[in-house]
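Chain H is already provided as a structure; the job is to place chain Z on it using the hints.
So you can see what is in the structure, the chains are spelled out below.
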Amino acid sequence: MEAERRGRTDGLGSVIRRHRRWAPVVVLVLLCAIIAMVNPRFIDPFNLVRLLNAAAIPTVLVMGATFVILMGSIDLSVEGVLAVSAVLASAMVANNFTSADFGLWAVPAGILLGLAIGGVNGVAHVTLRIPSFMTTLGIGFVAVGVATAILQGDTVRISDKGFRALSLERILGIPAGVWIAVAAVLVALFIQERTRMGRWLYAIGGDEATARQAGVPIERTRVMAFAVAGAFSGLAGVMAAAQLGQGHALMGQGRLFVTITAVVVGGTALSGGVGSVLNSVVGVLIVVVLFNGMVLMGLPPFAQQGVQGLLIIAAVAMALDRSRLSFVK
Amino acid sequence: MQRKKSPIYQLDRRQFLTRSAGFASMAAMASALPRDVLAQAADYTLAISMRSVANPYHATFTKGGEDFADFIGAKFATLVTEGNSEKGIADIRALLARTNGKLILNVDPNDSPDARVIVEDVANAGGFVVTQWNKPADLHPWDFDPHYVAHMSFDGVPSGQRVTQALIDGMGGEGGIVALGGILSNVPAIERRQGLELAIAENPGVELLDFQAADWNETKAFDITQAWITRFGRDVKGVWAANDGMAIGALEALRQEGLAGTVPVTGIDGIDAAIQAVRDGEMAGTVAWDPTWTGGMGLSIAYHSAIGEINIADEPQGHREFYGTGILITADTVGSLGAAEPENFLDFWGKATGQIQYRG
Numbered sequence: 083m084e085a086e087r088r089g090r091t092d093g094l095g096s097v098i099r100r101h102r103r104w105a106p107v108v109v110l111v112l113l114c115a116i117i118a119m120v121n122p123r124f125i126d127p128f129n130l131v132r133l134l135n136a137a138a139i140p141t142v143l144v145m146g147a148t149f150v151i152l153m154g155s156i157d158l159s160v161e162g163v164l165a166v167s168a169v170l171a172s173a174m175v176a177n178n179f180t181s182a183d184f185g186l187w188a189v190p191a192g193i194l195l196g197l198a199i200g201g202v203n204g205v206a207h208v209t210l211r212i213p214s215f216m217t218t219l220g221i222g223f224v225a226v227g228v229a230t231a232i233l234q235g236d237t238v239r240i241s242d243k244g245f246r247a248l249s250l251e252r253i254l255g256i257p258a259g260v261w262i263a264v265a266a267v268l269v270a271l272f273i274q275e276r277t278r279m280g281r282w283l284y285a286i287g288g289d290e291a292t293a294r295q296a297g298v299p300i301e302r303t304r305v306m307a308f309a310v311a312g313a314f315s316g317l318a319g320v321m322a323a324a325q326l327g328q329g330h331a332l333m334g335q336g337r338l339f340v341t342i343t344a345v346v347v348g349g350t351a352l353s354g355g356v357g358s359v360l361n362s363v364v365g366v367l368i369v370v371v372l373f374n375g376m377v378l379m380g381l382p383p384f385a386q387q388g389v390q391g392l393l394i395i396a397a398v399a400m401a402l403d404r405s406r407l408s409f410v411k
Numbered sequence: 017m018q019r020k021k022s023p024i025y026q027l028d029r030r031q032f033l034t035r036s037a038g039f040a041s042m043a044a045m046a047s048a049l050p051r052d053v054l055a056q057a058a059d060y061t062l063a064i065s066m067r068s069v070a071n072p073y074h075a076t077f078t079k080g081g082e083d084f085a086d087f088i089g090a091k092f093a094t095l096v097t098e099g100n101s102e103k104g105i106a107d108i109r110a111l112l113a114r115t116n117g118k119l120i121l122n123v124d125p126n127d128s129p130d131a132r133v134i135v136e137d138v139a140n141a142g143g144f145v146v147t148q149w150n151k152p153a154d155l156h157p158w159d160f161d162p163h164y165v166a167h168m169s170f171d172g173v174p175s176g177q178r179v180t181q182a183l184i185d186g187m188g189g190e191g192g193i194v195a196l197g198g199i200l201s202n203v204p205a206i207e208r209r210q211g212l213e214l215a216i217a218e219n220p221g222v223e224l225l226d227f228q229a230a231d232w233n234e235t236k237a238f239d240i241t242q243a244w245i246t247r248f249g250r251d252v253k254g255v256w257a258a259n260d261g262m263a264i265g266a267l268e269a270l271r272q273e274g275l276a277g278t279v280p281v282t283g284i285d286g287i288d289a290a291i292q293a294v295r296d297g298e299m300a301g302t303v304a305w306d307p308t309w310t311g312g313m314g315l316s317i318a319y320h321s322a323i324g325e326i327n328i329a330d331e332p333q334g335h336r337e338f339y340g341t342g343i344l345i346t347a348d349t350v351g352s353l354g355a356a357e358p359e360n361f362l363d364f365w366g367k368a369t370g371q372i373q374y375r376g
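Line by line, the protein sequences are chains H and Z.
All letters in the first sequence, in the order written, are residues 83 to 411 by the numbering used here.
All letters in the second sequence, in the order written, are residues 17 to 376 by the numbering used here.
For reference, chain Z alone in the conformation it holds in the complex:
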C-alpha cells in the first residue's frame, strides 16, 4: 500500500508546486518550451517500470525518468515488478485504466515475453511505450505504429570486448585469464562472453584458463576465485567478470590472498564500488551503461512522439530499435567522470550507436 500511495502524494505535491510557481516562472518556462507543449504535458502521465530500486542501475534509470518528467512538468509514477511478471503487467494495466490511456511508459520488462503483453495493452489503450533490454526478437516497434515507439538496449559484445582489452593491457599484454560469467542463458551474459572471446582471439599471448558461471552473484564469484587461486596459482594474471558485482567478489577473494591490486580485475555495469576500485588501481576497468540517459531519453522520445514533435512512424528502423553507448571506464578516464554535462533530453538519438542486431 505504502508504495502505491507515495507516487500519488508526489504528484499532488508536484502539481501544487508547478501551479503555485506557475505565475512567477511563466516567463522562464515559456522561453524554454512552447505553450501548447506545456498544456499537453499536464495531460500525460509519465511512468517507469522496472524490477527494483534496490539495484543501483534501476534506481538511476528511475531517476533519469523523473528528471525528464520534472523537465517538462508532467506527472510521474514509478512501478516496481519485484521480479514478478504478473505484478509488473497488472500494475501497468491499472495505471493505463487510471490515466485513460494517457500514459507514456518506459519499461524494462521483467522477462522477454512480458514485452509483447505490455506493448499490446498500451497500444490498445492508446498510450505510448518504450521498452528496454528485454523483448522477443520478433516483436518490433514498427508493427505497432505509433504506440510502440522504440526499443533500447546495449550491445554486450563490443563492451565486453573493449573491457577485456583493458584487462589485457593491465596484465601487460599476456598471460592467463579466468572469467566469471553471468547466468548462462541470459542474453547480456552471452553477448559479454562473446566480447571476451573476440578480444582473447586478438591477443595471441593471452589464454583463457577457465570460464565459470557465477550467476551474477558476488559470493559465488568469491568462492570460485578462491578455488581458481588453488587450481592455477600464479598463472592467473587477470580476472574478467561479466558484471561489477562478481568483479567485487573476485577482488575480495584476491584481497584475502594479498593479491588485490596485483592481479587486475574487470567488470561491466559501472556501479560505484567498481568505479572506486578503478580509482584505487584494484580494477583495470568497467563499462557504464548510462541509465540516466535510458530512463530520461526513453520517456522523451515517447513523449515527443505523443505530442507530435516526432513522427515516429517515419523514422528509420535504426531509430526504433537501437543500442546506447557503453562508456569504458579505466584508470585513464576515471578522473574525468562525474564532470558529465546534464542530459540533453531533446537530442533524441545523439547517443544511439546503431540498430539492434539479433544474433542466432
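Chain H extracted, bound-state conformation:
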C-alpha cells in the first residue's frame, strides 16, 4: 500500500516535472476556458483582437526584461525609459509643444534613446559594481526626472495622423501595434537562439563563475543585455505615445509591475538561467487575459487584486522547477 501510493505520486510528480515547461500554456488555456464558460463573448474574434492589442506594449517590454532576468539581474527602469522615449517621440512628430515634424523618424529616435539609457544602466551596473536593482531604479528615476524637467508638468499632444497610425491602422484586421509586437518577438527570439549573446545570457544566469572561466565576456554581455532591454522599452514608449496620442512624464505608470509579473508567470526564473522570451509572451497573455476576463465576468473591483495575486502565486508555483533549488530566498 505504502509503496504503491508512493510509486503513484512519484509517477505523477515525474509527469509534472517532464512537462513543467508547458505549465504556463496550461494555465493560459484553463484561464481562457473558465472565462469563456462564464462569458462566451470572451472568444468573440473582436475580443481576441482587443486582447492582442492590450498585449502589444507589454509584450515588447517583456522581451528586454526577459534577457535581463535570464542573467539573474533585474531592470526597474522600464517605466522611466518608456516615459522619456514617449515624450521624445511625441515631441518629434507634429504636436502642440514643439514645432518639430519629423514624422516616423520619431520611431528610431525613441528606440535609440532607450538603447542609450539601457547602455548607461549596463555600464553603471558593471563598472561601478552596483547591483542592477539599485542602478536601474536610480536611472529610471533620473529618466522620469528629465521628462518632468523638460515638460514642467505639461503633456505633449500628438496631432500627427501618420504617427498615430502605428497604433490605429489595421492590417488584416489586426492593429499595427500588434504587428510591431510580433516583429519585436521575432527579433528577440533571433537574439536568444541565433546569437552568441543569447547563449551567454543563459551561461551568466546559470553560473557566472563557470561562465567566466569558460571565457564568456561577462561585462560586455551584461552591458549589451541592458542596452537591448532599453531599446525594447524605448520602442514600447513610442508605441504608447502612438496609442494614447500623447507623451508625458508619467506615461509608464503601472507598466513595471505588469512586466515583471508577466516574465515570472511565464516561467522565467528570477534567479536566472531558466526561461525564454516565448515563455514571457505566454506570461503577458496570462496577465492580459486575466485582466480582460475579470471585467468580462463582472468581478467586483475590490476582489480583482486578490484574484490577481493568488493567480500569480499559483502560476509561478506550477511553472518553476524548484527541485533543483538548494534554498529559496
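Accuracy of the hints is not assured; some may be wrong.
Said to hold, decoys possible - Computed cross-link-like contacts, DMTMM-like style, restricted to lysine to aspartate or glutamate with a CA-CA straight-line distance of at most 20 angstroms:
id, chain 1, residue 1, chain 2, residue 2
1, H, K243, Z, E273
2, Z, K118, Z, D107
3, Z, K118, Z, D86
4, H, K243, Z, D296
5, Z, K367, Z, E331
6, Z, K79, Z, E102
It is worth saying that the hints were derived from the structure and are not from the lab.
In this text, all values refer to a predicted model and were calculated from it rather than measured experimentally.
Same frame as chain H, but now just chain Z:
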C-alpha cells in the same frame, strides 16, 4: 541639490530686480499697496509644498502661488514631496528654521496625517499655514489660532453630479453608462462616485452597467474600456471617468474601435488634453479646479492674516474650512475659456462655496 539651489537663485534675482526697480516704480507700487505692507512683504518667505510639478494640477497650483508672491514682491520657495511624506515634512522644517518662522506656507499634504505634523511645526515656529485637499477630519484651523489659517478643498459630490448630467445630456438622456473610478479608498474618488450615483438616480432612463477602479491610471482605463466594449457592445452609450487621465485612456480605447466622438466621455480635473477633447466634440465635459486660485489665494489669505489685514480668529468657520468652485466645462462653455480675468488676490472668499462637510 539642483532643486534646492534654484529657488534661492530665483530669490536673489527677484530681490535684485525689486530693489533696482524699486526707485523707478515706487510711485506705481505705492499706489497699489500701503507702504507698511511693502516693508512686511520683505520679512516673510512665501512657500508652496506639493507632490510634483510633473502633474499639471500642481504645476499650475505652484504658478498661482508664485503669481501672488510677485504681486506683493515677497520671496518665494517651491517644495516638492515627490510623494514622500518624510521628505515633505523635513523640507518644511528646514525652511522654517532658515526663515526663523517667518514663513507663509500653502501646502497640499502628501497624506492626511502629514497635515497635523506640518500644522504643529508651523504653529510652534510662529509661521502661518493653509492646507489643501488632505487633512484629518478632527484637525481644524480654529484649534491653532492664528497660525493654522485655513483649509481649502473641492467638493467632489456636486462636481461629479454636474459632469454626470453633462454626460447624460450628451447621450440624449438615456442608455447605459460604464464608470471608471479612482483608487477605491481615496476621498475624491469616493465623493466623485457619490456624485455619479446621485445623477444616475435622477435620470430613470439611465443605467450604470459597470463600475471599475482604474486607479487614476490611463493605461488601465484603456484596457478596462476595451473589455467593456466586448462585454456590453453597443449598450455602452457613455463612459464616465473620475479624472481626465482615465477619460483620455477610455477615449483612446474607443478610438481603436472607431467609436471616438460617437460614445461621449467625461472626466474631472480640467487638464489641457481633456479641454481639447471637449473642443473636438469627443468628450462631453470635465470639471476644472482652478489651481491658480488655490495656489495664490491660499497664500494671500495667510499672508494678510500674518500682517494683520485679516483677523482670522474672528472669521466664521465657513471662512476657515471651505470649498472652492469647480468649473464645469462643456461644448457650450469651452469657447469662453481662457478669457478668464486675472486672479484678484484681495477678494479672499469670493470663490468659496460653503463650509467643508465631513461625510461618514
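Now for the hints, and whether the structure bears them out:
With a C-alpha separation of about 16 angstroms, the suggested pairing of H:K243 with Z:E273 holds against the 20 angstroms cut-off. Restraint check for Z:K118 and Z:D107: the C-alpha separation of about 15 angstroms stays at or below 20 angstroms, so the hint holds. A distance of roughly 17 angstroms separates the Cα atoms of Z:K118 and Z:D86; the hinted pair therefore holds under the 20 angstroms criterion. Taken as a hint, the H:K243 and Z:D296 pair is honoured in the structure, with Cα atoms around 15 angstroms apart against an allowance of 20 angstroms.
The straight-line distance between the Cα atoms of Z:K367 and Z:E331 is roughly 16 angstroms, inside the 20 angstroms bound, and the hint therefore holds. Restraint check: the Cα-Cα separation between Z:K79 and Z:E102 comes to about 24 angstroms, which exceeds 20 angstroms; the hinted pair is violated.
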